[in-house]
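Asks: Taking the hints into account, I'd like the entire structure generated from these sequences.
Protein chains: 2
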Amino acid sequence: MKIEYVNPFVEAAVTTFKSMCRVEPVRDGKLELREAGFINTYELIGVIGLTGGVKGAVLMTMDLNVGMKAVGAFLMDEIKEPNTDLMDGFGELLNIIAGAAAAKLEGLHVSLALPTVVIGQNQQMHAKQSNPWLLIPMKFPEWGKFNIEVSMEEV
Amino acid sequence: MKIEYVNPFVEAAVTTFKSMCRVEPVRDGKLELREAGFINTYELIGVIGLTGGVKGAVLMTMDLNVGMKAVGAFLMDEIKEPNTDLMDGFGELLNIIAGAAAAKLEGLHVSLALPTVVIGQNQQMHAKQSNPWLLIPMKFPEWGKFNIEVSMEEV
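In order, the protein sequences belong to chains V and R. Residues 1 to 155 in this note's numbering are what the first sequence spells out, letter by letter. Residues 1 to 155 in this note's numbering are what the second sequence spells out, letter by letter.
Among these hints, one or two may not hold up.
[Unchecked claim] Calculated cross-link-like contacts (lysine to any residue; reagent style SDA-like; alpha-carbon spacing at most 20 angstroms):
1. R:55 with V:103
2. R:128 with V:82
3. R:80 with V:38
4. V:128 with R:95
Bear in mind the hints are in silico, worked out from the structure with no lab data behind them.
Replies: Okay, structure coming up:
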């Protein structure tokens, strides 16, 4: 996992939320490299797999209330509780962000899998020393925090 | 999502658990095609993305106590609580199963992303009408139930 892979994901998230949700997220604190152990995550987790010149996965995680705001802005409709629109819209936003980041990593010829969205309580992920997760803490000034999390190995 | 994609995943799961864990899982009830709506899932969720001639994702989900038995058998070591071995071993088993299924789907030239493993409570996934999930209920006669869940679209 190279540090130069970070900016394409940050830029892709900023551009996507600006154009799709009319809101501008910002970096919120230091990058964290999770080399081993459990990682507590927000309630709403989107996962999309990457293949091509890398093998990896990208996650976008946020609390439900933040996700409902973001997806509501995307769909231009208020979301009051976790529903079909929330799950589909969240997966679609992640798909757009990962696609925009992949386009910036053009030398790597990244292909995207289908996004999967999970909600639950007290969720934890796990990082392996061999495939560390790079956590990029971000926030929407209006709504709250979220993370973009990337794990990639070159193949 | 074609129905003929089911058997490669079932066969891959059976072969993998037989050779890696010395246990023989069996199909446990009818396939379910989830075309829309929320799907309750077991506590332990492994996700791996697929690309190539398809775009998709494969999940393996089971309760923690079943996962601890299965991964313990894989590692030939008892697992008494959710730990690093459980998460890494579960991801690795899913990786082997998805790889074996991909090999059987050779015309589709499937590439695998990195597996991601999440644990939590009251977890739900969501199916879209455009990308339904096919749930394959299975069980280990000794330990209990689990699901293999596949969503793929041809590209």
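Asks: Now, for every hint given, state plainly whether the structure supports it.
Replies: Structure-based check of each hint:
1. For the proposed pair residue 55 of chain R and residue 103 of chain V, the alpha carbon gap of about 17 angstroms is at most 20 angstroms, so the pair holds.
2. Under the criterion of a C-alpha separation no larger than 20 angstroms, the hint pairing residue 128 of chain R with residue 82 of chain V is consistent with the structure, at around 14 angstroms.
3. The hinted pair formed by residue 80 of chain R and residue 38 of chain V meets the criterion: a straight-line CA distance of about 16 angstroms does not exceed 20 angstroms.
4. In summary, the hint linking residue 128 of chain V to residue 95 of chain R is supported, as the alpha carbons are separated by about 14 angstroms, within the 20 angstroms threshold.
In summary, the structure agrees with every hint in the numbered list given earlier.
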